[in-house]
Amino acid sequence: MTAENIKPETEEQLRDSIQWALGDEVTLDIIGSGSKRTLGRPVDAKHCLDLSGFSGITLYQPEELVMTVKAATPLVKIEAVLEKQNQELAFEPANYDALLNGVPNSNQPSGTIGGVVACNLSGPRRIKVGAARDHLLGFHAVSGRGDLFKSGGQVVKNVTGFDLSKLMAGSFGTLALIMDVSLKVLPRSEKARTLLVLGADDSQAIAAMTAALHSPFEVSGAAHVPQSLSKHSTVSYVSAAARSITAVRIEGVGPSVESRCDSLKKTLKPFGTLEELHTRNSNTFWQEIRDVTYYTGTDLNQNQVWKISVPPASGAAVADRLRQTLAGDIYYDWGGGLLWLAMTPQHDAGQDIVREALVDGGHATLIRANDTVRKQVDVFQPQPKALAALSARVKEAFDPKGILNPGRMIEGV
Amino acid sequence: MMSITMPEPDQEVIARRADIIKAMQGIVPAGNVLEDADELRAYDSDALPAYHALPLIVVLPETTEQVSQILKYCHENDVKIVPRGSGTGLTGATLPLADAITLAMGKFDKILGIDYDNRCVVAQSGCTNLSITNAVADEGFYYAPDPSSQIACSIGGNIGTNAGGVHCLKYGLTTNNVMGLEMVMIDGEVIRIGGKHLDSEGYDLLGLLTGSEGLLGVITEITVRILQKPESARAMLIGFGSSEAGGECVAAIIAAGIIPGGMEMMDKPAIHAADDFMNCGYPRDVEALLIVELDGPEAEVEYLIKRVEDIAKETGALKIQVSQNEDERNMFWAGRKAAFPAVGRISPDYYCMDGTIPRGKLSFVLKRIHELEAKYGLGVANVFHAGDGNLHPLILYDANKPGELETAENFGAEILKVCVEVGGVLSGEHGIGIEKRDLMGTMFTEDDMNQQQRVKCAFDAGHLLNPGKVYPTLHRCAELGRVHVHQGQHRFPDIPRF
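Top to bottom, those sequences are chains A and B. Each residue of the first sequence is one higher than the one before, starting from 5 at the first, in the numbering used here. Each residue of the second sequence is one higher than the one before, starting from 1244 at the first, in the numbering used here.
Here chain B stands alone, though its shape is the one from the complex:
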C-alpha cells in the first residue's frame, strides 16, 4: 500500500546501473558499493516502515574526498542521490528511489576533535548523537539535544531534521547547538560554514541547512557545542483528573517564569502502556500525567520544586510525587522514554505523529483527537512535549487488516490539519519527508513553497538531491527563476512619498 506517490523512476538511469556501479567502485573500496538485492534490502526504508523501496545501489563513502567525487559524478551524469544517516527518521525522508544512489554515511563515525577550552566537539556526520555525549562525559560535559533515538540516530541526520528531544525547552534544538559544518555540494565542491566561533557574517547557511532533510547538500562534518552537566536534577510526577487541568498547569508554570529542564505529558492510554511495560509506578487512575524535571544547583532545584508543587496544587493536581534520588528520577523517565515501544505492545502497529501547537490549545486539540478516534474507529495514545507544544499522538492500528494503515494515515493527516488550524505546524522535530509532503499546502501557499524551492535551486538546480521529498510538486528551476514584471505599471500614485 503506497498512498503517497513518488516521482516516476528514470528508466534511462536504471539502464546505466552497471556503469554507475563501476564508476562508484573506482571512487570507494569495492566492498562499499552494495548492489545485491539482499544487501540493498537493509536500506529499503527508514523508521517509517510502511514505505519501502530498493535503491539503485547503496554507496558507503569513507572520506569527504570520496563524497565529493561521488557527487561530482552524479552531477555530471544526472544521477539522483538520497543521503542517509542511521535510518532512524520517522517520515520517509531517506526512502530510497529506484533510480537513485543511497549514500549511506555510516562509515563517517569518528569523533575528530574534542575542544574543552572552546566547549565544542568536531564529529563526522555518521557519529551517533549519544556517542558525542559519551566522548565528553568523563569531563562532565554533554551534548544537549537528546532525541529518543539518540543511541542510534546520527548527528548528520539530526541536522537534517533539526532534531529535538525532551530537554530542548531549556537547552534548544539542534539548530541552537550547531556551530559549524562541512558540506559537499552537488557539484562536488566542499564548503565549510561556521566553526568554533559564533555567528559568522554572511547569509546564515548553517541555520538553513539545519532541518533541510538532505535536499541541499551532503553533510560530512559537524561542530557542536557541549555543556557542563547540571549539578543536580529532580523529576516530579504530577497527575491530573483531566488533560485540561494538566495543560493549565503547564501554562501556569511557564507564566510563573519557570523554564524546566523537561516537561512532558502523557494521557491515560500512554500512562497505562508505559506503566505496564516498565513498571515505573505511574499513577494509573489519572487522566493526564505530567513529568517535570528541574535541574541546576540543589538550592535552585529545591526552590523550584516547591513553586511547581504550589502551582500544581492550584491547578488541581490529584497526585504529586518528587524523585528522592537518581534511581527514582530515572524510573520516572523510564516509562516516558519507553512510551513508543510500550504502545507497540498494546497494538500490532502504531503510527507516530509529530505536530506542534501553541501550548494553550492542548486541551482543544486533545478533544478533537478524541472525536476523531470515534470517526476513524482507531485508538490513540498521546505523548506530548508539553513545554514546547510538540504533540506525538500514536495512532493504534493493525497493518494486517486491509485498509487500516490508510485509515491511520488519513486520521494522522486530519490531526495535523487541526494542529495547523490552531496556529501550529506540521512537524515539530521529525521533519516532513514523504509522510507530510502532501500536507505542505495546508500550511504554505504556492508562493511560500516556490520561494523555498528557489533556495533549493541555489544549491541543486538539477533536483538531484533527495527528490520527491518535502515538497509536493517539483518545479523546474528555470521556471521558478522567471521574474514577472508588470511593464508600464509603475509610478503607483497611492504610495505615500516623503
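The shape of chain A in the complex, shown without the other chains:
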C-alpha cells in the first residue's frame, strides 16, 4: 500500500477515515497546519490525516468570555478576532515556527488552535493565569475507536463527569482527533510594564524573581536572560544593556500598573540597577521569551534545545549542574521554574546529564533536535513504571489499536 494523505472535511468523513484505518489496520500521522510536526518523537505512521478542513470560529461571545472554534482554525485568525473585542487567549500560546522549522520569526504564527491545545503550549503568563489546559472548557472529538464524543462544555465552572479536556491538552494527538474546542478567553490588559534588573547572576536573579513573586503585585511574567543571550534581543534596552537582565512584568489597568510598578521597584532595588520597559517594548520582549527566539536559526542542526520545568527556587542550581558538563546557553522563564537550554548537538542530546540534573523533581523535554536524535532519545520525561503503565491504559481507552500518532510521545505506543 502506498502512503496516502486523507483530508476529511465533515464529521462523518472523519469517522469514516478512522473506520477505514481500523479496518485496514493502518496508522495515521495527524496534522493541522503541520507547524509542530517536529515537536515530540517522529511519528511512525503509514498515512497522514490532515485536519485542516476543520477550520472556522463557530461561536464567540465576548461577554461570556467564551469562544468555540474548529480545531484547525489558524491561531492568527483567532487572535485577530479576539483583539477586536480587546480580548485574548491569556495563556500566551507560543509560536515555535522559528524554533522548530527555521522559518523567520514573525507575528503571524502558522499553527492552529488544535496544535496549541494538543501540545499544551503556554507562555510566560503561565505562572499567573495557568496553561493552555486551564483555558480549555470542552471539546468534540473522534476517538481512535471511531466514536464521536464530547466532554466539558462552554462554561468555566463544570464538574459534570470526568474532565477529559485535561487529558486532551498535551496528548499530542495520541488519544483522539479533536474537531472543535471551547476556550475561556479573557480581557486584554490595558497596560503592561516590565522592570529590568541589570547584571544579576543566576542565583541573584532567582532571588529577585522570588521576591517579586512573593509580593501581592500579581506578577505576570518573571524571566532571566544571561548576558550571552540578552544581546540577541530586538528590544534595544535589553540588547544595549550588555549585561544579564532579569525581567518582571506587571499588567492591568493604568493606575494599578503604575502603583504596583512603584512598589516593585522598592522590592527589586537591592538586586541591581533598574530599567523599565513600557507596553510595546514589554510585549516584544515577552514574545521573544515565549517563542524562544534567541535559539533559532535556519540550521536546525546548530543546536539542540531542551525545555526543563523545575521547582522555581531550584532553577539556578539545576542550571549549575547542567553547565558543569554541557556547553551551551540557559535562560529562565516562569520565575526560574522553566529553563530553556540550548546545547552543542550530541548524538543522545545529553539526555542522561539533563535528567540527572533534576534532583529536586521536574521534567525535561527535548524540543529541538533532528529526527534521528528525537527517535533515539526519550523526548519526554520517562515515567516511573506504574505511571507509565497507567498512561498506556489511558491511551488504550481512547485508541485501543494504536492508530493515532504512534510513537509521538513514547516509542512503540
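No wet-lab data here; the hints were simulated from the structure. Because the structure is a prediction, the values reported are computed rather than measured. Note that beta-carbon positions come from the ideal geometry of N, C-alpha and C, so glycine has one too. Zero decoy hints are in this set.
Dumping the calculated DSSO-like pairs for lysine-lysine here, alpha-carbon to alpha-carbon at most 27 Å: (1) A/Lys235 to A/Lys273; (2) A/Lys132 to B/Lys1413; (3) A/Lys273 to A/Lys132; (4) A/Lys81 to A/Lys154; (5) A/Lys195 to B/Lys1413; (6) B/Lys1413 to A/Lys269; (7) B/Lys1413 to A/Lys88; (8) B/Lys1580 to B/Lys1511; (9) B/Lys1472 to A/Lys132; (10) B/Lys1549 to A/Lys88; (11) A/Lys154 to B/Lys1660; (12) B/Lys1604 to A/Lys88; (13) A/Lys195 to B/Lys1549; (14) B/Lys1413 to B/Lys1549; (15) A/Lys273 to B/Lys1472; (16) B/Lys1604 to B/Lys1618; (17) A/Lys132 to A/Lys88; (18) B/Lys1315 to A/Lys389; (19) B/Lys1472 to A/Lys195; (20) A/Lys405 to A/Lys154; (21) B/Lys1604 to B/Lys1413; (22) B/Lys1472 to A/Lys270; (23) A/Lys154 to B/Lys1604; (24) B/Lys1562 to B/Lys1549; (25) B/Lys1472 to A/Lys269; (26) A/Lys132 to B/Lys1549.
Going by beta-carbon spacing under 8 Å, a handful of chain A positions derived as facing chain B: (27) Arg130; (28) Val159; (29) Val160; (30) Gly174; (31) Val314; (32) Ala390; (33) Arg397; (34) Glu400; (35) Pro404.
Following the hints, put chain B in place on chain A, whose structure we already have.
Relative to the frame of chain A, chain B by itself:
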C-alpha cells in the same frame, strides 16, 4: 424515601464481613476499624442527608502504606471501597454502600511542608481547606479556592469535586491551583503525579483526577499553590429592581474587561433570609442584590470601584453601597456566606442545586425557575455565583410532609435540565454523586459516557472504587473495550485526498 436506586449489595461480600474486619485490623490499628452500628451511623451520609445507608465497615488509615495495603486487599478479594473526606459533599458521592468499606481519610490531617520559595504547600488529603490558608497566613499567603464549607471540607474532597468558591472567577477552581498528587491505585500501587514544578509532560492525570469523585483512586497527599493576599479589598452592594437588570450589570462589568475578585447575586427571598439571620444591612426593597468585591492595590481598587459604580448606574441600579472598612466589607459578605443556613431558618428543609449557565441566560433561567415554583408548589431562594454563571437555587420544602422531598427532587431535576438546555451544565462545583447521576443522559450521549467509563476502566477495571456514583449505568470493562470494525468497509471514496 430513596428515589435513586443503588446497585444491589453483594450478599457474598457481606457474608465475609468478619474476615474483612480481621484483615483490616491487621493493616490499621484495631481502633481504626469501625464495625458497630452506632459508630457506623456517624458515616451514614454526606451533606445530602436525604440519602443514608450504613457501610459494611469504616476504616481509618493513617499512612499511605496502610491505604495501599487496604486497596490491595480489596482488589484481591473483590471488596468495594467508598473513599471519604470530611463528608461535606452535597451530592451523595460518599454515600456508603452496604457491601463496601468506607475509607475515611480523617487521620490524614497533617500539613507536610510549607515551601514559600516555591509558593506551595504539601498537605495530606484529610487536611481541611482552611487549615492550609491558616498555615501560611502569617506570611501573608492563602490558598485561593474557598468553598463555603472550607472550615470543614477536606482538601482531598476538594480534589474529588473540583471545588470552587466565591473567589474562583479571578483565582481559579481547585483544578487550576493543584500542582501535585500522591494517589493509591486500586491494586495498591502508589503513584505520584506532578510536584512543585509546572505542567508535567505525559497525559494530564492531575487534571483528570480533579473532579473524579473518588472513582479513580484514593488521594493521600496534595501539593497546592499558594498566593500572596491582595493588598486591599473592598466590596460593593448593588441593588436592582429586577434580576434582569442585575444580570445586565454583571455582563457589562465583564464586557468592560473587569474581572472582580468575587461577584455574587441573590434574589429577594435569599436577601431577606440572609438579612434576617445576620442583620447585615442588605437593602430589602430590591429584587436582586449584587455583591462585587474588587481587590488589589488601593489605587486599582479605587479606580475599579468607580468604574463598576458607573456601570451599575447605567444598568439601572437602585442602591449602591461601598464598604468603607474591613468590618463593613466582612458584614457585606456575612449575609451571603450564611445564606444557606439563613434559608434553613425560613424553611424546615431546603434542597441546594448547583447548575452552571452562560451568564447571559440568567434572567431567562430565573424566570423559568419562577414558573416552576408555581408548577411544583414550592418556593425557591436563589444564590448565584454571578461572575461565572454558577447558580444555587435553594428549593424550600418540608421533609415531614409526605412526598414533598420527591417533589423538591423533581423540581431540582427540572431546573438542571433548563440549565443544560440553555447551554450550561449539571454541576458547577458540587459534582454529580448520586444526586445528579440519573440526569447525566440529559447532557451526554451514550458514546460520551462510554468514553468516560473507559477511562474509569484504565484505573479500576473491576469497578471497585465508589461504584454506583456519577454514571447511571455500569458497563463491564471488557464490553466497553471491544472495537467494532466494519470489515471490508474501507477505502471511502468521498474523503478528499491530496
